[in-house]
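These protein sequences, in sequence, are chains A and B.
Position one of the first sequence corresponds to residue 2 (our numbering), numbered consecutively onward.
Position one of the second sequence corresponds to residue 826 (our numbering), numbered consecutively onward.
Keep in mind that the hints were calculated from the coordinates and are not lab data.
Incorrect hints may appear among the rest.
To be verified - Lysine-lysine pairs mimicking DSSO-like chemistry, simulated, CA-CA at most 27 Å apart:
hint, chain 1, residue 1, chain 2, residue 2
1, A, 261, B, 827
2, A, 318, A, 356
3, A, 236, B, 913
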Amino acid sequence: MLETKDILETINMIDNENLDVRTITMGISLLDCIDEDIDKASTKVYDKVCRYAQDLVKTGEDIEKEYGIPIINKRISVTPIGMVAAPCQSKNVVKFAKALDKAAHTLGVNFIGGYSALVQKGFSSGDYALIESIPEALATTDLVCSSVNIGSTKAGLNMDAVRMMGKAVKEAAVLTADRDCIGAAKLVVFCNAPEDNPFMAGAFHGVGEADCVINVGVSGPGVVRAVLAKEGKGKTTDEIADMIKKTAFKITRMGQLVAKEASKRLCVPFGIVDLSLAPTPAVGDSVAYILEEMGLESCGCHGTTAALALLNDAVKKGGVMASSHVGGLSGAFIPVSEDAGMINAATNGYLDITKLECMTAVCSVGLDMIVVPGETTPETISAIIADEAAIGMVNSKTTAVRLIPAIGKKAGEELNFGGLLGKGPVMPLRKGDASEFINRGGRLPAPLQALKN
Amino acid sequence: MKAIITVIGKDSVGILAKVSTACAEVDVNIVEVTQSVLQDMFAMVMLVEIDKSTLGLEALREKLDKVGEESNTKVHVMHEDIFNSMHKI
Numbered sequence: 002m003l004e005t006k007d008i009l010e011t012i013n014m015i016d017n018e019n020l021d022v023r024t025i026t027m028g029i030s031l032l033d034c035i036d037e038d039i040d041k042a043s044t045k046v047y048d049k050v051c052r053y054a055q056d057l058v059k060t061g062e063d064i065e066k067e068y069g070i071p072i073i074n075k076r077i078s079v080t081p082i083g084m085v086a087a088p089c090q091s092k093n094v095v096k097f098a099k100a101l102d103k104a105a106h107t108l109g110v111n112f113i114g115g116y117s118a119l120v121q122k123g124f125s126s127g128d129y130a131l132i133e134s135i136p137e138a139l140a141t142t143d144l145v146c147s148s149v150n151i152g153s154t155k156a157g158l159n160m161d162a163v164r165m166m167g168k169a170v171k172e173a174a175v176l177t178a179d180r181d182c183i184g185a186a187k188l189v190v191f192c193n194a195p196e197d198n199p200f201m202a203g204a205f206h207g208v209g210e211a212d213c214v215i216n217v218g219v220s221g222p223g224v225v226r227a228v229l230a231k232e233g234k235g236k237t238t239d240e241i242a243d244m245i246k247k248t249a250f251k252i253t254r255m256g257q258l259v260a261k262e263a264s265k266r267l268c269v270p271f272g273i274v275d276l277s278l279a280p281t282p283a284v285g286d287s288v289a290y291i292l293e294e295m296g297l298e299s300c301g302c303h304g305t306t307a308a309l310a311l312l313n314d315a316v317k318k319g320g321v322m323a324s325s326h327v328g329g330l331s332g333a334f335i336p337v338s339e340d341a342g343m344i345n346a347a348t349n350g351y352l353d354i355t356k357l358e359c360m361t362a363v364c365s366v367g368l369d370m371i372v373v374p375g376e377t378t379p380e381t382i383s384a385i386i387a388d389e390a391a392i393g394m395v396n397s398k399t400t401a402v403r404l405i406p407a408i409g410k411k412a413g414e415e416l417n418f419g420g421l422l423g424k425g426p427v428m429p430l431r432k433g434d435a436s437e438f439i440n441r442g443g444r445l446p447a448p449l450q451a452l453k454n
Numbered sequence: 826m827k828a829i830i831t832v833i834g835k836d837s838v839g840i841l842a843k844v845s846t847a848c849a850e851v852d853v854n855i856v857e858v859t860q861s862v863l864q865d866m867f868a869m870v871m872l873v874e875i876d877k878s879t880l881g882l883e884a885l886r887e888k889l890d891k892v893g894e895e896s897n898t899k900v901h902v903m904h905e906d907i908f909n910s911m912h913k914i
């Protein structure tokens with residue numbers, strides 16, 4: 002029989018340490034919904050999403066009840082709409098966002114991602130219109146998430162897209178200024194975007210994926226922190242790394258179980274398990290607290306980048322053996338507003354944008370959920386995107402930017418989204434203007450490491 | 826299908842009897858029981874077979890939750906597979 006201590010450990014993880022399956026995300030290809038008539042195409046999109054995902058929420062709830070594991074979100078990701086919209090030649094791409102939103106409401110899912118464009122090397126016919134429509138799409142829908150991939154190690158950075166995205170982020174915040182600028186919180190700008198990521202706001206269903214697939218995102222920063230708190234005192238760094246690996250293994254095994262079960266019940270192939278330490282504002286469910294548990298006075302002080310590198314790597318190593326397919330973003334997220342420890346560190350002056358940028362070189366994603374002053378110019382936002390994308394491009398890793406310009410607010414004030422998105426202090430940015438650099442446009446050439454063949 | 830029932834709380838007279846009576850009422854077969862005192866808390870773990878039970882896992886959980894409330898303990902009923910996948914390679 003199983004050992005009592007193992008059983009109690011699992012129960013304690015779920016009851017007290019916020020272990021959960023963060024999301025079951027169904028990826029659905031919309032390539033067969035393409036039509037020259039935008040109304041017909043959006044009807045096809047609505048019908049296909051509703052047909053494929055009709056049992057998603059119920060299946061998630063059934064598994065949750067049967068196994069006693071909390072499954073927080075049920076989500077859908079779709080083929081980047083920029084591709085689906087390509088033959089429509091329409092300025093009114095928002096119709097697709099509305100169709101997706103309607104489908105999400107009908108099905109009862111938490112979010113639907115894929116109002117996206119992949120423009121790392123250049124724009125194809127639907128991409129311009131899509132990017133221009135993003136602010137309106139996010140302002141007029143509730144559950145649609147948007148992402149744009151503006152660079153990759155292979156292709157370099159599309160600086161025209163970088164310039165456009167600075168405007169899109171600002172505009173998305175302006176149009177939703179009465180709702181805590183929530184539009185910008187649903188928009189991610191990627192470099193090296195993964196095509197099987199189950200986490201929002203950056204989830205989309207890549208073109209190389211099957212028609213329909215189940216991806217599962219598991220989380221558990223609280224569990225890792227608790228292990229370090231209980232057993233980490235006086236241990237060396239490599240012993241700590243080992244503890245994290247073992248914990249990540251256990252968490253991922255649970256994700257694998259849920260993914261297999263969901264895939265079997267929905268008759269949809271299993272894609273990947275994404276083991277990401279995704280914090281929530283709940284006390285204890287914080288990545289910053291893990292770093293502090295390792296011996297930092299506060300997240301953000303010198304040493305943070307090294308501690309985060311250790312964490313990110315150990316999580317991946319533990320996860321990779323636990324599942325037949327690990328993918329997505331797998332690693333440690335550092336979204337500021339969603340992490341109680343990060344919020345504290347930012348409020349108390351330990352954590353600023355410069356340190357966060359350093360940390361993104363070793364975490365699994367990038368500058369995430371950072372509230373910036375409302376007066377920040379689109380060019381400055383573009384410059385932040387370019388910096389972050391350059392880190393991803395050169396280091397062959399995914400980086401992303403999700404900034405929320407707090408319209409009407411200055412550094413030191415606060416923006417409160419509530420729920421999983423949390424709250425964040427408005428963070429001051431660096432001085433100086435990069436508009437001449439950003440307005441050059443064109444392409445930033447791919448680095449030498451792109452030439453691996 | 827097997828499930829694991831755990832009872833955690835302050836030790837008191839008759840916990841084992843209450844939980845096993847509740848199981849017997851709905852034809853849940855107890856395969857194995859262990860109990861120990863961990864961190865000043867009483868912890869009992871039961872491996873049970875619920876294939877022939879008149880209640881599904883969810884309903885059994887609700888029934889045992891009530892038993893737990895009455896005896897001031899926390900009762901969990903979970904699918905055996907979770908523990909197997911997390912703790913066995």
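Cross-check of the supplied hints:
no. : hint             : result
1   : 261/A with 827/B : holds (18 Å)
2   : 318/A with 356/A : holds (25 Å)
3   : 236/A with 913/B : holds (26 Å)
Checked against the numbered hints given earlier, the structure satisfies every one of them.
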